[in-house]
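So the sequence lines, in the order shown, correspond to chains C and G. So in full-length UniProt numbering, spot 6 of the first sequence is number 6, and the numbers just go up one at a time. So in full-length UniProt numbering, spot 123 of the second sequence is number 123, and the numbers just go up one at a time.
It is possible that part of the hints are untrue.
Claimed, not checked - Partial list, derived from the structure: chain C residues whose beta carbon lies under 7 Å from chain G:
1) 2
2) 15
3) 49
Unchecked claim - Per label pair, the in silico range of CB-to-CB distance:
4) C:24 to G:117: 32 to 42 Å
5) C:74 to G:80: 49 to 59 Å
6) G:117 to C:74: 44 to 54 Å
7) G:90 to C:24: 50 to 60 Å
8) C:29 to G:266: 17 to 27 Å
9) C:43 to G:182: 29 to 39 Å
Read the hints as simulated data drawn from the structure, not as lab findings. Backbone N, C-alpha and C define an ideal beta-carbon position, used for all residues, glycine too.
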Amino acid sequence: MKSKIRDILKTTARLPVDVATLADDADLYNAGLTSFGTVELMMALEEAFEVEFPDKMMNRRNFASVAAIENAIQSILSERV
Amino acid sequence: MCQNCQQQQGFLAELIDSGLLIDTGVDGLYGRSGLFEEVVARFDDLITRYGGQDGAEVARFPPAMNRQHFERSGYLKSFPQLAGTVHAFDGDERAHAQLLHDVADGVDWTAGQKSTDIVLTPAACYVLYPVVAKRGPVGKGGALFDLQSYCFRHEPSKDPARMQLFRMREYVRFGTPDQVTEFRAIWLERGQTMMASLGMPLEVDVANDPFFGRAGRMLANNQRDQRLKFELLIPIESVEKPTACLSFNYHQDHFGTTWGIKTEDGETAHTACVGFGMERVALALFKHHGFDVQKWPAAVRDVLWP
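Take these sequences, add in the hints, and give me the full structure.
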């Protein structure tokens, strides 16, 4: 899942750094992720993983790193079951 | 004092019946009486008495801005539903004839309208950022501006406190994060003192802007989590949902980055603003003290008419 997240980051988040250089727990906001970048990232993730972020999960913390995004998506998928 | 608080739909009708507001047939678009304007002017003066000693540069713009600046500002990302753009006829004689036929037939006549270079100002400070950016880095002490403009937001409503064209006074601060957050903290205090002196029941709360769409929920949540926006709320149309009459906003480096505004040492400038809803404050005064200003509490009159 992490590599798919990284692919989406590369194409949608418009980070000024190479996503490959970022660790799974690296802070994406420190790496240049903007508010609108987060919105575009969320929409791309929703499409790719066929999930919908509920209101309570739409916050910076859930998009702060590759690991945080993975946790968020897994949490949404597990609640669906 | 506040005899009409239970009436949800009545206040607008009372304002129009009393002549304070003048109906135009469009929700949210009203004329103002001389008395209404007098109250707005007295409140405008009160703001200056609180903020005038800070040495702000005064600038007044017409209620419209450069379309290219508007496009670059990012407003369309956040609030496409609220924007008002100015279009004009740009056709030949044949198109003119068609236009007149369409108007006469009562069908849509706007298909041939072309966008102009002008967009209605959505918030008083939007015109300012490109102006400041063009001047180059702000000095060591940062920069401070005093603005007032009619602003447009496309949100027709029966709530008189939600007008489509209304005036916003603003102080806008540019500088380091410390400089602009200190400015906002000062105005959070000043704003409460000022409005309390007008006998207003008020509360201050964390708030968010009405960002568009579901994705906008995330922007709103982030804005609240980071406590970037506070509003001073006064009940006008509803006690349960009081109206934001002043707002205190920390934009972080959003406008500094968008416009390339730098501080003297080359860092991206941060910005903050305090906004005063002129009509909303006037409406709050009429709501809580009545339509006859001669009968307003003496203490309130002394503040507004010193």
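Evaluated hints:
1. 2: Violated, about 22 Å.
2. 15: violated, 14 Å
3. 49: Not OK, violated: residue 49 of chain C not within 7 Å of chain G, min 16 Å.
4. C:24 to G:117: 32 to 42 Å: violated, 48 Å
5. C:74 to G:80: 49 to 59 Å: The hinted range 49 to 59 Å is violated for residue 74 of chain C and residue 80 of chain G, with Cβ atoms some 33 Å apart.
6. G:117 to C:74: 44 to 54 Å: holds, 50 Å
7. G:90 to C:24: 50 to 60 Å: About 54 Å separates the Cβ atoms of residue 90 of chain G and residue 24 of chain C, which means 50 to 60 Å holds.
8. C:29 to G:266: 17 to 27 Å: Taking Cβ atoms as reference, residue 29 of chain C and residue 266 of chain G lie about 22 Å apart, which means the hint holds.
9. C:43 to G:182: 29 to 39 Å: Holds, at about 37 Å.
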